[in-house]
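Residue numbers (this note's numbering), protein chains in the order written: chain F, 10 to 411; chain D, 10 to 411; chain R, 10 to 411; chain P, 10 to 411.
Just so you know, the hints here were simulated from the structure itself, not pulled from any lab data.
Owing to the predicted nature of the structure, the values given are computational and were not obtained by experimental measurement.
Hints may be right or wrong, so weigh each one.
The list treats identical chains as interchangeable, and a pair is accepted whether it falls inside one copy or across any two copies.
[What the hints assert, rightly or not] Below, in silico cross-link-like pairs of lysine-lysine (BS3-like), each with a Cα-Cα straight-line distance of 27 angstroms or less:
(1) K339 x K396
(2) K396 x K235
(3) K362 x K157
(4) K339 x K71
(5) K339 x K235
(6) K339 x K258
(7) K157 x K339
(8) K71 x K362
(9) K258 x K396
(10) K362 x K235
(11) K157 x K396
There are 4 protein chains.
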Amino acid sequence: MLQAPVEGSFVMSEFVSGRHFLNTPGPTNLPERVVQAMSRHTINHRGPEFGAVGREAVSRLKTVFNTQGTIGIFPSSGTGAWESALVNVLAPGDRVLISRTGQFSHLWEQMATRFGLDVIALDTDWRRGADATAMGDVLAEDREHRIKAVLVVHSETSTSCMTDIAAVRAAMNRASHPALLMVDAISSLACAPYEHDAWGVDVTVAGSQKGLMVPPGLSFLAISDKALAAARAGGASRRSYWDWEPLVKSNQTGFFPYTPAITLLYGLNEAIAMLTEEGLPNVFARHDRYAQATRIAAQAWGLELQCADPAAYAPGVTAIRVPDGHSADKLRGVILDRFDMSLGNGLGRIEDKVFRIGHMGDLGVLSLTGALTGVEMGLRAAGIPHKEGGVQAAMRFLAGAN
Amino acid sequence: MLQAPVEGSFVMSEFVSGRHFLNTPGPTNLPERVVQAMSRHTINHRGPEFGAVGREAVSRLKTVFNTQGTIGIFPSSGTGAWESALVNVLAPGDRVLISRTGQFSHLWEQMATRFGLDVIALDTDWRRGADATAMGDVLAEDREHRIKAVLVVHSETSTSCMTDIAAVRAAMNRASHPALLMVDAISSLACAPYEHDAWGVDVTVAGSQKGLMVPPGLSFLAISDKALAAARAGGASRRSYWDWEPLVKSNQTGFFPYTPAITLLYGLNEAIAMLTEEGLPNVFARHDRYAQATRIAAQAWGLELQCADPAAYAPGVTAIRVPDGHSADKLRGVILDRFDMSLGNGLGRIEDKVFRIGHMGDLGVLSLTGALTGVEMGLRAAGIPHKEGGVQAAMRFLAGAN
Amino acid sequence: MLQAPVEGSFVMSEFVSGRHFLNTPGPTNLPERVVQAMSRHTINHRGPEFGAVGREAVSRLKTVFNTQGTIGIFPSSGTGAWESALVNVLAPGDRVLISRTGQFSHLWEQMATRFGLDVIALDTDWRRGADATAMGDVLAEDREHRIKAVLVVHSETSTSCMTDIAAVRAAMNRASHPALLMVDAISSLACAPYEHDAWGVDVTVAGSQKGLMVPPGLSFLAISDKALAAARAGGASRRSYWDWEPLVKSNQTGFFPYTPAITLLYGLNEAIAMLTEEGLPNVFARHDRYAQATRIAAQAWGLELQCADPAAYAPGVTAIRVPDGHSADKLRGVILDRFDMSLGNGLGRIEDKVFRIGHMGDLGVLSLTGALTGVEMGLRAAGIPHKEGGVQAAMRFLAGAN
Amino acid sequence: MLQAPVEGSFVMSEFVSGRHFLNTPGPTNLPERVVQAMSRHTINHRGPEFGAVGREAVSRLKTVFNTQGTIGIFPSSGTGAWESALVNVLAPGDRVLISRTGQFSHLWEQMATRFGLDVIALDTDWRRGADATAMGDVLAEDREHRIKAVLVVHSETSTSCMTDIAAVRAAMNRASHPALLMVDAISSLACAPYEHDAWGVDVTVAGSQKGLMVPPGLSFLAISDKALAAARAGGASRRSYWDWEPLVKSNQTGFFPYTPAITLLYGLNEAIAMLTEEGLPNVFARHDRYAQATRIAAQAWGLELQCADPAAYAPGVTAIRVPDGHSADKLRGVILDRFDMSLGNGLGRIEDKVFRIGHMGDLGVLSLTGALTGVEMGLRAAGIPHKEGGVQAAMRFLAGAN
């Protein structure tokens, strides 16, 4: 994403045995089957064998988005899909409504501004999801329907707070507002239930490297017929790479209007096959259980969650605050150096104040508890005030509930 | 790229033993070492280990482009790099000069038009490179310097004709014209000598899946200081994903302003390491030898090359015309069905009239001659009028010259 | 196997691009699917997941051997399976009959001698298979049935001559001789039809690295009930590692009395799955076609085949004689240096007089013709007297017959 | 090894997300670099490229065994190396002395008996290493030097007790006894210091799948000049596959008298390269730390260690007793089903009484603590009487000492 990288102040100077614990909220651990599936040679992207690969990818993505609409697959990071969502239906000067729920909604807003959009932003304290009622109020007042799109982040990866998309849609409906609903589901897709069609979302944006368990390099869109029609109606931004029009044909033929990222598509098809084998409801239940165990540990440590609204807890990542006067980045550095685990850092206004434990994607229960031992040992080694017993509490929960 | 895919009319219905012969002009065969390098788990793209990966990629790419300038790496297909080249320095209404040397210059021109640029195009018969003198004449007449950029495709993959970039730059210099020189080196980089700095190129565009021997999914830019300054000066198109400004920092830190395509970068670093081990002059000589052997075979078959100018023969791909009244696509279908080899198809105005043998990237001499046996057997099996002896002639050449 | 390795007199000193042409008669090219299948972590070889892997391996091997008997799988080279065949049913002093058809029957004979067996050997000129009639005559004269076993090599990899196993069994039957029939099918299994049960073979020996398309490291046995009973009856050699008794249980449970070579078993299961998908009759027809094309090329080059009996041509390998006064090893050295292809060398009494082209396992038609171009160019580069046109002749055959 | 496998009574019936915790004492986790190194195609095992692979393997193994002697590499399980040790220097009727320290010394003894050796066995309670003094007493009484070899297991994988090899050698020296000293270092090599030459060991036996971090399928021998001379002197068992004589040449040329298990050798070279990068002293210290943490956890749980001698604790595996009346196998079943972790089972006379936690090979600290959480949750879920706090105690130790 767009924020500045952490400076390279901590370096692993020694040989480290064993598997790294990758507990960032993306990229996530690659299942062995996905690594195997990608260990193939490339093929002619205009030949019949590729067409089958492409059609399978489109078809499988529909089951994850829960849509009968149009699927877009781009060789790009998730930010590319943000851009595609904006430039196909919005023109400079168009008004959009966004809720500032964290760093990623902030960055999406910045992008909108760069494309000349007129952004109305509703602030939050970054400790809860978007306020659907407040959004509805703004829409209700917009009697001229100057607002062309509503932008929401489903799971704010920076704060680990979810926004209730169905509630946002309901608020839009109550206001009888025709704006398009655009949702960033980058860190929620395949971690939490998602209903592109049933929730009435017009454009959903996602990426390969989170719940979908594929390396970064692919972004995805689900596009409603209404959004597609708006793109076709003209009057939006100049575009070429991100244009939706060729997607309609791609959805039918499996061929793409550019050279597709073949090996990543191999991985994508295998990863969604795995999700299907596990069953998406089981996948979601597993994420919930891990998230709950993580919160139980945090509570036992006496640390505060960044998300202040229990109804908004994210299933794939948990942001935890360090006590005032202490550095979350120093803690992460100690944990990386001593215990070979990567955690997510605090972003934007909560930089150095939180650390984020990713528990999304392909993750077994002992990899989760192992990660929690790394946090508890790290708190001790870094001298962060806390109570022992977080792992113990999580184990009690998991040994009962698993 | 942007042209329509071939319809799926021929299907491989039976089990095929052995390794597919991938002789399209990209994607090319992946070296085993590159497949191995990518068979790794992802890492935290904000952690210190990744920084080293990123810095290595930037540094290695500089040696391939022969530049001290700024390197851009995007998770995208090569068409994304085209777009990045345009939107950073050009605004709607800006005039650009392009030579129509084949399908890919045609598509780049189309993209320029979509972004509102005022395109001056010089036609060719698609059987030679751009006419540097003619381009110079247009520039000389542009006394008001309304032309902001000159766009050239170094190796026209659709026709297998090269354009002499140094000659284009010389013509620009003779006209004392300040336009930026932008070059598509997608299918020439790492196949033929390329001198971004020495030739005075301002923006070079490339992709991962050709001479660089990496799966598709990454595009690259080399950017001169002059181009970078133009981008910073403002007045160009609205942009976010393709923006150059963050690249300057990426070049120093190895971190990216988006989630990078980590596994493809692993592959890139290994691939360029291999090119360095072989030695770029040896790589180029190898490509020349394979191209020459291919042309010798075509001549012996009595078939005509699409490229009519011997000075412009491409080192990485050879487009061969089938006799009038015969279908190149039918020939390719027979070759795929019977001999499990993929060849490139004719694009645009030469659709069905040529087939293209890719001989770029990681390719041994017996893989080349094996491919030529596939063509010769295919010509026979498909009933295309030809003389026997193409493989025989190529073998004589290679057994002497290899 | 047991012969001395070739001295390291030719060294590839330079970087070589592209895929090596591995045209030895084993190890053979690994299919990509087999490499993928082996790119897995190991598992607990006493846990339930492994049992399924083991049972699948036993079951799949039965289909390849065409047997309902007992299957043995050993972590060892093929020579280990030779030893297992001998020590389970034969004691020092026991008499065995063997036909000296080439280097591998020679080595098996040497092994028998080391274990104190009393070997009766029938010589051949190494240019044909075993003479079943002559073997029958010896057996008929052995009225006291002192001969306990008859040892035959199905496909003599060193000479590319086959022995007709059914004919040997018929000769044994005509002599009403109770000896056990032991067959080395190391380089014939999965290349030519094999009928362990129907042919009345008692012990068949095989290895992983030939027609079975798996890396070396596994050997296999098919054991008739008669042979198993003989082993159980006692009176044979002391043994532990090679003992058959635990195999009976392994065949049922899938677990092994030692730590099995797990990753190679993953590869084995995938490889036989591929053979099944292709269909064994198709596999055999493919090998026949490639062998015929190779012989057509040799004939056109004016070179003599080592196998002098057309009824005995091997489907997986073709040994070709160089003209007197020329060195086959020098030719192979030139081919390796110049064209990056490995061919089999002459062994034992035909050292330096023949080179062997392996065309077994996972091999596409263009890989075969590519290999033939390497031989033809090598003959030219090495100055071996020959006629041009071998590849041309093979192409005519394959373009018609493929 | 030779004991019966566990019956398949517990089956993982559901999709399991994430990486399996493989905490058996072999096979161990494969480092990603080793998996990558093995994901290569095979090569001609008689060509110059292979010679370099073979010489590297021999050379690297010498550094692990700490020997200048002869190295043997066999495609086989570790039991094959046991057999090779016996048959090269011992003949039926020869007397050997062995200490019964656990299941693996028991199985080696059984093998010796099968080869007709006259075994003198010293019993232990399977809760400590061999009694060097008692062995010395037996040797001192053997004035006719009828004992030809002393057999000791360095790390008894079944009991997690070490035997002090230097002490055994000292006892032999005190008795001035000329017997050969043979050591099974299968589960100690690369986990604990090993000094083949300095300790005066004559034959050391090892395998690929434990501390050496390679899949099963290779066994290794280190052979002293004295043992090699004894093998050459004749008078030992009949042998072929396991014969040492060709090894001498293999050590020089890198070529083998059989088809070597090429892909496993690729893995071996990479694995030992990793051990060298980490530094063997660091590797040993890491194993010690993990073993100590595991014992601390067991103590906190109130469970008894199988090894009753603190001086004999093994660094690579810890066998833990369940309270009387409880089933260790049921516990392991619960842990496999609920927490996707494989533990070692109790073997032979301690079947169902102990479970064994493997902590050898490529293992990070969080993988160890993760495994300990699996045990603690498993104890709870299976209803095994224990105290909470094992993980907590281990974390305190590791956060301080790591």
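Outcome of the hint check:
1. Proximity of K339 and K396 under a CA criterion of 27 angstroms is satisfied intra-copy only: 19 angstroms inside one chain copy versus 34 angstroms between copies.
2. In this homomeric assembly, K396 and K235 never come within 27 angstroms of each other (Cα to Cα): the closest approach is 53 angstroms inside a single copy and 58 angstroms across copies.
3. With identical chains, the CA atoms of K362 and K157 are never at most 27 angstroms apart, being 36 angstroms at best within one copy and 48 angstroms at best between copies.
4. When the C-alpha separation of K339 and K71 is checked against a cutoff of 27 angstroms, the pair qualifies neither within a copy, at 42 angstroms, nor between copies, at 35 angstroms.
5. When the C-alpha separation of K339 and K235 is checked against a cutoff of 27 angstroms, the pair qualifies neither within a copy, at 48 angstroms, nor between copies, at 41 angstroms.
6. Taking the shortest alpha-carbon separations for K339 and K258, only the inter-copy value of 24 angstroms comes in at or below 27 angstroms, while the best intra-copy value is 50 angstroms.
7. In the homo-oligomer, the alpha carbons of K157 and K339 never lie at most 27 angstroms apart, since the shortest distance is 43 angstroms inside one protomer and 49 angstroms across protomers.
8. Taking the shortest Cα distances, K71 and K362 never come within 27 angstroms of each other, neither inside one copy (38 angstroms) nor across copies (38 angstroms).
9. For the identical chains of this complex, K258 and K396 are neighbours neither inside a copy (58 angstroms) nor across copies (41 angstroms), given an alpha-carbon limit of 27 angstroms.
10. For the identical chains of this complex, K362 and K235 are neighbours neither inside a copy (42 angstroms) nor across copies (41 angstroms), given an alpha-carbon limit of 27 angstroms.
11. Within a single copy, K157 and K396 get their C-alpha atoms no closer than 50 angstroms, and across copies no closer than 62 angstroms, so neither meets the 27 angstroms cut-off.
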